[in-house]
Each structure stands twice: as structure tokens, then as C-alpha cells.
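**Q** So the sequences go chain by chain: A, B and C.
Residue numbering for the first sequence follows my numbering, starting at 888 and increasing by one per position.
Residue numbering for the second sequence follows my numbering, starting at 1440 and increasing by one per position.
Residue numbering for the third sequence follows my numbering, starting at 47 and increasing by one per position.
Treat the hints with caution; some may be incorrect.
[Unchecked claim] Here are some chain B residues the structure puts well away from chain A; computed CB gaps all over 12 Å:
#1 Asp-1442
#2 Gly-1479
#3 Asp-1529
#4 Lys-1741
#5 Asp-1790
#6 Ser-1806
#7 Ser-1860
[Claimed, not checked] Covered, in the sense of this in silico footprint (three residues per stretch, anywhere, with C-beta under 8 Å from a C-beta of chain A), are these stretches of chain C:
#8 102 to 109
#9 133 to 140
#10 161 to 169
#11 176 to 190
#12 227 to 238
#13 341 to 353
Just so you know, the hints here were simulated from the structure itself, not pulled from any lab data.
As the structure is a computational prediction, the values presented were derived from the model and not from experiment.
Backbone N, C-alpha and C define an ideal beta-carbon position, used for all residues, glycine too.
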Amino acid sequence: MKIAVCIKQVPDITAPLHIQNGALVFDTNRMVLNAYDASAVEAALVLLENREGSIHLFLLGPDRAKETIRKALAMGAHEATHLLVPDDAALDAYLSASLLAEQLKQHTFDILLCGKQSQDTDAGLTGTMLAEHLALPYATNAVGLTLEDDLVVATRQGDAGQEIMALETPCLVTCSNDMNNPRIPSIKGIMQSKRKPVQTISVTPDATPSTQVMGYEPLPERTPGVQWEGEPLELARRLVHHLNDEARVLS
Amino acid sequence: MEDKFDCIIVGGGIAGLSAAMVCAQNNLRFLLVERGEFCGAKNVSGGVLWGTELARLVPDYWKAPDAGFERFIRHRRLTFMDEQSAFSLDFKSDHFDQPPYAGITVLRAKFDNWLASKVEAAIEASAFADESFLVPDVLVEELLLESGAVVGIRAGEETFYADCVILAEGVNNLLTRQIGLQPEYVPADYVAVGVKEVIRFDQKVLEDRFQLQDRSGLSNEFVGFASQGVEGGGFLYTNLDTVSVGLVLGMKDLREKGGPKPYDLLDTFKRHPAVADMLRGGESLEYAAHVVSTGDIRALPKEVYADGVLVTGEAAGLLLNSGKAIQGMDYAMHSGILAAEAVAAAKQDEDFSAASLKRYRDALDASYLMQDMRGFQDAVHLLHSPAMFQAVPNLFCDFGRQFFTIDNAPTRKASAMLKDSIRKHSSFLEMMKLGFKARKL
Amino acid sequence: MSKILTYLAVQDGKIKRASLEVLSHCRALAQEHGWTVESVLLHPDARSLATTAQQYGAETVYYMDHPQLQAHLNAPFLAALHAVITHANPHVVAFASSEAVKDMLGALAVRTQAAVLSDVASFHIIAGGVEAKRPVMASKLIARTQAQGARVLVSVRAGAYTAEEAPTEAALVPLPFTFDVDTLKQQVREVVQDALGTLDLSETQVVVAAGRGVKDEAGKALVTQLADTLGAAIGASRAVVESGLFPASAQVGQTGKVVSPDLYIAVGISGAIQHVAGMQNSRVIVAINKDGDAPIFNYATYGLVGDLYAVLPPLINEIKQVLPTTPE
Ligand SMILES: Cc1cc2nc3c(=O)[nH]c(=O)nc-3n(C[C@H](O)[C@H](O)[C@H](O)COP(=O)(O)OP(=O)(O)OC[C@H]3O[C@@H](n4cnc5c(N)ncnc54)[C@H](O)[C@@H]3O)c2cc1C
Ligand SMILES: Cc1cc2nc3c(=O)[nH]c(=O)nc-3n(C[C@H](O)[C@H](O)[C@H](O)COP(=O)(O)OP(=O)(O)OC[C@H]3O[C@@H](n4cnc5c(N)ncnc54)[C@H](O)[C@@H]3O)c2cc1C
Ligand SMILES: Nc1ncnc2c1ncn2[C@@H]1O[C@H](COP(=O)(O)O)[C@@H](O)[C@H]1O
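Generate the whole structure from the sequences, applying the supplied hints.
**A** Below you can see the structure in the form of C-alpha cells.
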């Protein structure tokens, strides 16, 4: 069984950040593996626990993103293709998906896994774009993934409940972080990761992206609230009084 | 044991990363293990990294666009404060304005992570590019011993072996204690607690307020009301667009004073008129607390080396808090470098016994670090005397108030004012004793 | 004349309120720019649902009422939307964001060669495209984003706009559904409906959300009682979903749903940014947490520092007393 996983490097959004001259600055300047993609890698590892197979990572990003490839290899993936773009390349989901698809067309796999969205932009587009480019049946927002004979069975979290889907291979599944808790690489894993094959291919986006960020704005200010301590009954009374008379949300 | 390393380093703080850099530069096969999610994740410093040694590890570090530091120190201030006033020694000099800068402010999460990336680059350039590793997110739980010598580490279910281990685990040095180099229990007299807040400003506002140019910065230490009667002092350092402000407080004294919360003391310190003026309009980003050594030589481990092991940085108690600065990071860096150099030499001789590793101890003794630590013990003790954080600052401020007040009354002689202030806040005898002690500094 | 097409999603036999919100906004945009606003309905009952679309101002309603369109499945819905877009040739297509829409949007953009902006908080039309505000970095800030092109798809977060009636005489245009079901390479085996009330999180004005502080069935019962008293939908943090006490469909946050009710009551939730990303636009936020330093208090309009097991019973009581008609 061959599993391809698309992984992306994203800024550590839990670090403090601010807007400087219209651009975003993260205090730690740290980049991480997109959490949803870590879940996709974990899902692939779990699928191969009692099965012959290999995991091939695909990442489109600047030179710095190789740390992220290393991290996913250290988790246990077998090899990687790094589509190297210049540090300042302008990309959006549409352009990234075309570049990734072009590369993926040259490989065979049974399952292609993606994260359901990027932690930084929350776009959630690339996965289904790839499915369309590659004409694959797909399921998004998977919280469960198993194999049954020749079928991939994905449980996707829909709007009102969970949809259990059976897909023929090859297929694409985008993973939610609610699917699993990704393993932390062991020291041995990290040691081995340095010897795993990483193919680097330079690509130059030949189009300007159709979507562009023009600038960042802080969120609208919230008026600071109040905080009360005290006896439960007293607290309850005070809250109800305020909800009713001040905020007028009880009716 | 085909996977045996030349050296394993425990801790990816300043000491560990500095040792790692030297290991990479000397083509040693090594493994560095850091328990934080990344290097710097949990590390806390004020902090100014004093000295110029960083330039040795990362030549021309200030030129890189991604440089991990904040500002270099061009303006220094030592402030004595009472409840309302601040009396400062203020020194600013273009002399400080040249690379390699002898003091830079850093924010550890960013700085350590940056230094780690430089170590990664050095590994890549070394002869063992695929055989040396920086591993974050793993806790070393135990040192492995064979006939009394340290031979490796255990982390979870994994064990790794090496010719020797460099301990760079910081002040909470459990592994140093495991092998008996330090008693299990360190008395509260020898530890302090540091609390620190990072406050953000618009960069332009910050630069105007503190008269900073380009990457120049200010370091300001405080004694007196800063610590509100508790032994210790305060600091304020400018970063690129933030200010680090905090207190270092003696643990024992804190307990004896009924355990006021360090955070409450910091809050009061921040509200002091002199400090509040500097912080106005800032947005508090994060708050952190961490144990710090006091630099008291009596708290040092029994020894900083043994068969197959070397102890560096704050794990070895190496820190000097002389009142005009805290030197923990440069000590960590210097000792990390010396330890790795000792390992490289031991590798030449293929001898990792205590006798061979003693060269680390010798190098430490010969360096500025141990000379200063020994030489400034009196300063350390002086700093811990109540006079220094109470009477002296009060006296200075009282004198300042008289000296700088101009009203429609006959002006008195400065010497008379000083006598007054001394009588009010102390005594001539006490001042003479202090002066006698200070004479040795 | 340029057109803006809105996709009207159907749930429980009704057009979703969030879709009507988007339609209302599109009608206003069309008015402003002299465009026409059209809608598309894909559902076996599409024809009768079209009256609602008229009520909210759609000038043309394209519809397909093939039985295959009863429940969501990406391939047939994609084919249907592709056909409608090809037929109507709109400049902008707007959706209310939902899991079903997320399941199609990227693929539809590629198939129709459209620029696409997902999960926007607001959008308007500019020369050559669309400009939108998108919350990014776990909703720590807003990115002002532009999409340029002959066709732009936009999905809009629930609660971004208000649905306002504006009755029109709409043309109803049936279109054939030509998707060949035999080509399907995926099937829905089963849909497991979550057993937690009937109220849709993103459609109610009051949400009571539980976090890890709710430790057991007794705690869950209190939360449920509070929600029932208020006629509220129940939300949850990831931690309490993981514990198995609450279903995944209740999860609010970056991974879960984004809600912006009038009143959001966070019970035993610490306020991690990934949770806050899903609820910070609520008008009034109440936090009940025994840890006075919990970050959730930074977002709360009213913060109660206390044990939820002690605070909820009197709170439910007090609310009952001021609510004249408590739904039982
Ligand atoms: C509030 C405050 C202000 C300060 N201000 C200054 C200042 O202005 N200037 C200055 O020079 N110094 C300052 N210091 C002191 C300085 O921070 C320390 O002396 C210095 O960080 C010591 O460096 P180190 O590398 O020895 O230890 P650390 O920086 O503490 O690093 C130790 C590392 O080891 C890791 N570790 C520990 N145990 C294990 C284990 N078992 N397995 C794996 N990893 C482990 C830790 O996670 C950590 O990353 C300040 C300290 C405080 C608290
Ligand atoms: C990529 C990613 C996506 C994520 N997406 C989401 C998401 O969509 N939604 C989400 O919620 N999380 C999400 N998370 C997880 C998030 O980071 C937090 O882990 C989670 O929100 C924590 O849930 P909690 O507040 O219930 O639990 P905790 O953080 O454990 O907080 C429990 C709180 O309950 C309080 N408490 C305990 N007992 C009581 C009591 N008796 N009375 C009152 N208070 C009490 C405690 O003081 C504490 O503050 C995501 C994380 C990642 C990495
Ligand atoms: N640059 C990239 N390289 C590899 N995979 C990517 C890249 N960008 C996005 N992806 C994949 O697409 C998913 C969704 O991304 P997005 O559309 O940006 O939210 C991610 O979780 C990845 O699996």
C-alpha cells in the first residue's frame, strides 16, 4: 500500500504576533508542521501498522520548510518530495494545488492524505482542489479512517452527524486533528530521518495567484468585561440581573 | 554499541547550544536532547547576554537579517529607588556602539531557537552531518552509569551511549544531583526567584521614549523599593519593540517576609512613578517566573566534572549577580564552550576519565568566569545585606530630594544634606561598615 | 448584466438561515452595483422551497429536484453546481459556509476555473473581483483579501449578515440533473446522527458550551438543563468531546464550528485560542470557571469565578424566575 501525504509548514500561531508595517510578525519566528497534516501523517502510520507499505510526503515551500519534512520523516514517513519555491514566492491555495497536482500526477499511490485545513489561513481548499485535478473520489474532514479489503472507509464529521463513507482507491481524504493525537518523534526516529531520501525539485510558479492578502487588521476591540467572585447564589443573581437588565439577552 | 556518540548534551539552553556549536565545529558526533517543544520554549531570562562570545560561535551574528537578538546595550542605568523617587547613575556611550557588541538583549524563545538553527547549520557543515542531532521535545530521565562512570542517557524507553555527557540542564539540575555532584537539597539561601513580564509598544513609540537609534538599547537595574523590602532587585531592558521588566527576589527572604507573591511585587514595582512613566501605554504580552541561582559560591556543586561527565551553565551554579548586572547567560555560554573544548581534547587522547576531563575545571578556573565569581563574592554578600536594598537606596533618594529641590529658602551645603540623609535612614557606623565591604569590590 | 448567484443549502426540509443571510447580503450588493441576484436550490423539494428564496429577494431561482440530491454527497452536488454555474454564468457565487460546502468549494473552484475565498467574515465587490475580510491565525486577526477573476466563489461564515425579507417575483428555472450515479466511486454507508438536542448550533441565538471542567454525567445534566431553560443549543470544547461526554458535532472552534450567537455561556472552558476562534464574535459572552486566571475571562462580558457544579443549579433557578415562559 502506498500512501502519499501533503504536508505544509505554517507559523506557530500560538506564539504572540503583531502587525508591523502591514506585515505579520511572530515573536518566536518559529515554523511548525501544520497540526492537521501531523494528524494525516499519524493516520498513515496507523494504516500501515499491520501492513506492508510506504508513506511519501509532498511539501511545497521554501528552503526553510525542510525542517518540517524532517519532522514528519522522524514520525515515521519513508521518503519525501520537496517542491522548493523561492522564499518570497506568492502562492495561494489554487496555485499550490496546481503545482502539487502536477507533481503528484507523476506518482502512484492508493491513498492521498491532506490536512483538512491550514492552521494559519484556515482555508480548507487545497485538498478538494487536488481531488479535482487528479480526478479522485474523496472525503473531507475525516475523524476516522480504516481499510476494508479494497475500500477506504472514512468517517467524516458532517454538519449534523458523522457520515461513514466507503471510497474506492485511489482516493483522497482530508484529515481533522480530531482523528488522532500525532506521535512525538522518538530520538531514534529523528536519527533515522536524516538518512531518508528527500528529493528536492525547484519550481517557479508561472502565474500570479488569483487571491492575495492586501493587509492585516486587528480584530475589532471588545469592551473589557467584568469578573465576579462570591457565593454561588449571589453570583447567579448578579449574572441574571445583568443578562436581563443590561445586556437584554434573556427573553 | 555502533550508535555510540562522542558526546551527549542534556539541555538545549544557552550552555547546551554553545557546547553543541563547538562540538559541531570540532567534528564531534553528538546528540543534544532538549525537553522543551523547541529550544527556548520554556526558558526565561531578563535578559542581557553580556560579553562578546556569541561572535565566536556565530561570526558576524549581528549582520544576518534573521539575527536572533533584540538590541545591543548602548545606554546603562543603575537606579536607587524609594517609594516615590528614583536616583540614577546613568551612562551612555558611543563607545558601546561597535560590533562585536558587549551586551545584547534577547528573548529566549526566539534567541535559543535561532541559536539552535545555527547549530543545525554547523552540523550540516561538519564531517558528521548525518550523525549529529538536535532533538527537542524529549526529557532525559536518567544518566546511565557503568562502574561509576557516566556512559549514556535514558529518555523514556530509549537509551543512548556516548564517551561522555555534558550536563547543561539549567538551575533545576536533577541529573547533576542523580550522580551526587550536588546534594539533593539546595538551601533556599542559595536560590532566588526571577519574575518577568514582556510588554509591547509600537516600535516607534519605544524608540522615541527610550531615545534608541537603530538597534541600540537600554539596560536599567534597580535596587531599593523595587523589591519592596525583600532582598533582591529589579531590571528593565529594551527589546526590538518590547520591554522586559522584572524582579529577582531571594527565596529565603521572600519566605521569611511571609511569602508575598512575586507577581504582586512586580505589579507594585511597575506602578512606581519612574517605572510607570516608562511603561505607559504598553500591552502586557506574557509573564514568566523561574528559579535563578544567587551566584553564591557555597552553592556550587562539589565538582563540575567526573568520569564521563561535565556540568555547565547554571546546572553548575555558574552565575554572578553583582548588582550592576546578572551574568548567567554569558557564564552558560563560556562554560559550555570550555566543556566542549575539553571533550574535543579528550577525544584526541581517547580518554574520558575524570583525570582527563579535569582540563575543563582548569580552564574554568583560569577564565574570567571563576575569577569573577571568586572575586565578587563580597559583592554578592553585600547585595544580600538589608542595607543595600533598603537603607542605601532610601538614603540616596532622600539626598537627591534635598539636593535637587530649589525653593525660596536658603540652600544648604550638600554635605549637610548627606549627613541628614544618613542619620535618617542609617547610621554613620553602618555606612562605614558598608564602605569597608564595598572597598573590596 | 453581471450576476451574483447564491447557493441555498437545505437542512431538515428548510433553507438554512445562514444561506438566507448570505442571500440578503448579495441582494444588497446587487442593488448597489446594478447587478442581478439569483439563487440555486438543489433538493427534491426545491420547487416549493423556492418561495422562500423569492421572499428574500432572489430574482431567478435555478433548481434541480432530483431524488439523488436528498442528502449531501460531494460528487453529485459538485456536478449539479457546475451545471448551474455553467448555465447561469454568474460573476460571483456566494455560499454560507458549512461542512457540506467545505466538502466541495475547492473542487468547484478548479472545475469552474474560479478564484475562491473561503470562510470570510464579510465581502464586497470591487473592480475585477471581490474583496473580503477573513479571520486568520486562529482568528487572532483579520486578513483583507482580494480575489481577482472573471468568476469568484466566496463562502461566508454564519452570522456575518442578517437575513431580511424583500419579496420579489422570481423566475423559477428548472435545470436537468444529468449526473450518472453509476460513476460514483464513493458511497455513504451510514449517517450517525448525533444525539444532542435538535437545535442547530449555528442557527440559535443562545449557546451553552461545556468544557473539560464538566467532568461527568451529572455535570452534563446541569449543562443540558441550563441549555433547555434558555432554549439554547449545546456547544463543547475539543477536550470534552475527546472525553466522550459530548458529540463531535457540538465542537466549537478552529476545528469545529464557528458561532456568533447573542449569548454564549462557556462552562468549564479554559479559553484556548483554538476554542476562542469559534466563539469570540458572540455578542455577550459569559464564562464560568473556577480558575480566575483562565484566559476565557479575557473574552468574557461577564465572568463568574466559581465551581460550575455549585453555580449552575442556582443559575438555572434564577433564570427560570425571570423567564415567563420557560420551555419545558
Ligand atoms: C527572571 C530572570 C532574569 C535573568 N536575567 C538575566 C540576564 O539579564 N542576563 C543573564 O546573563 N542571565 C540572566 N538570567 C539567568 C539566565 O537565564 C541563566 O543563568 C541561563 O539561562 C542559564 O543557562 P543554562 O543554559 O545553564 O540553563 P537554561 O537556560 O535554564 O537551559 C537549560 C535547558 O535544559 C533543558 N533541560 C533541563 N533538564 C532537562 C532534561 N532532563 N532533559 C532534557 N532537557 C532538559 C531545559 O528545558 C532548558 O532548555 C536571568 C534569569 C531569570 C530567571
Ligand atoms: C489545530 C488545533 C485545533 C483545535 N481546535 C479546537 C476546537 O475547534 N475547539 C476546541 O475547543 N479546542 C480546539 N483545540 C484544542 C484547544 O487547544 C484546547 O486544548 C481545548 O479547547 C481545551 O478544552 P477545555 O477548555 O475544555 O479544557 P481545559 O483547557 O482543560 O480547561 C478546562 C477548564 O475547566 C475549568 N474547570 C475545571 N473544573 C471546573 C469546575 N468544577 N468548575 C468550573 N470550572 C472548572 C478549569 O479551570 C479549566 O480552565 C484545537 C487544538 C489544535 C492544536
Ligand atoms: N504548500 C503545501 N505543500 C503541501 N501540502 C499543502 C500545501 N498547502 C496546503 N497543503 C495541503 O492542503 C491542506 C489544506 O490546506 P489549505 O487549503 O491551505 O487550508 C493542508 O493541510 C495540506 O495537507
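**Q** If a hint holds in the structure, say so; if it does not, say that too.
**A** Right, here's what the structure says about each hint:
1. Listed as outside the interface, Asp-1442/B is inconsistent with that label: its C-beta sits roughly 8 Å from the nearest C-beta of chain A, within the 12 Å cut-off.
2. Not every beta carbon of chain A lies more than 12 Å from that of Gly-1479/B, the smallest distance being close to 8 Å; the non-interface claim is violated.
3. Distance check for Asp-1529/B against chain A: the nearest CB is about 30 Å away, which clears 12 Å, and the non-interface claim stands.
4. Annotated as non-interface, Lys-1741/B keeps its C-beta farther than 12 Å from every C-beta of chain A; the closest such distance is 30 Å.
5. Its beta-carbon lying about 27 Å from the closest one in chain A, Asp-1790/B satisfies the requirement of being farther than 12 Å from that chain.
6. No Cβ of chain A approaches the Cβ of Ser-1806/B within 12 Å, the least distance being about 32 Å, so the stated non-interface status holds.
7. Here Ser-1860/B stays apart from chain A, with its beta-carbon at least about 44 Å from theirs, past the 12 Å limit.
8. Chain A is given as covering the stretch 102 to 109 of chain C, and this is violated because 0 residues of the stretch bring a CB closer than 8 Å to a CB of that chain, at least three being needed.
9. Against chain A, the stretch 133 to 140 of chain C contributes 0 residues with a C-beta closer than 8 Å to a partner C-beta. That does not satisfy the three-residue criterion, and the hint is violated.
10. Counting residues of the stretch 161 to 169 of chain C whose CB falls under 8 Å from any CB of chain A gives 5; the rule of at least 3 is met.
11. With a cut-off of 8 Å between beta carbons, the stretch 176 to 190 of chain C has 13 residues touching chain A; three or more are needed, and the interface restraint holds.
12. Coverage of the stretch 227 to 238 of chain C by chain A holds [criterion: at least 3 residues with CB-CB distance below 8 Å; count 9].
13. Proximity of the stretch 341 to 353 of chain C to chain A, defined as three or more residues with a beta carbon under 8 Å from a beta carbon of that chain, is established by the 10 residues found.
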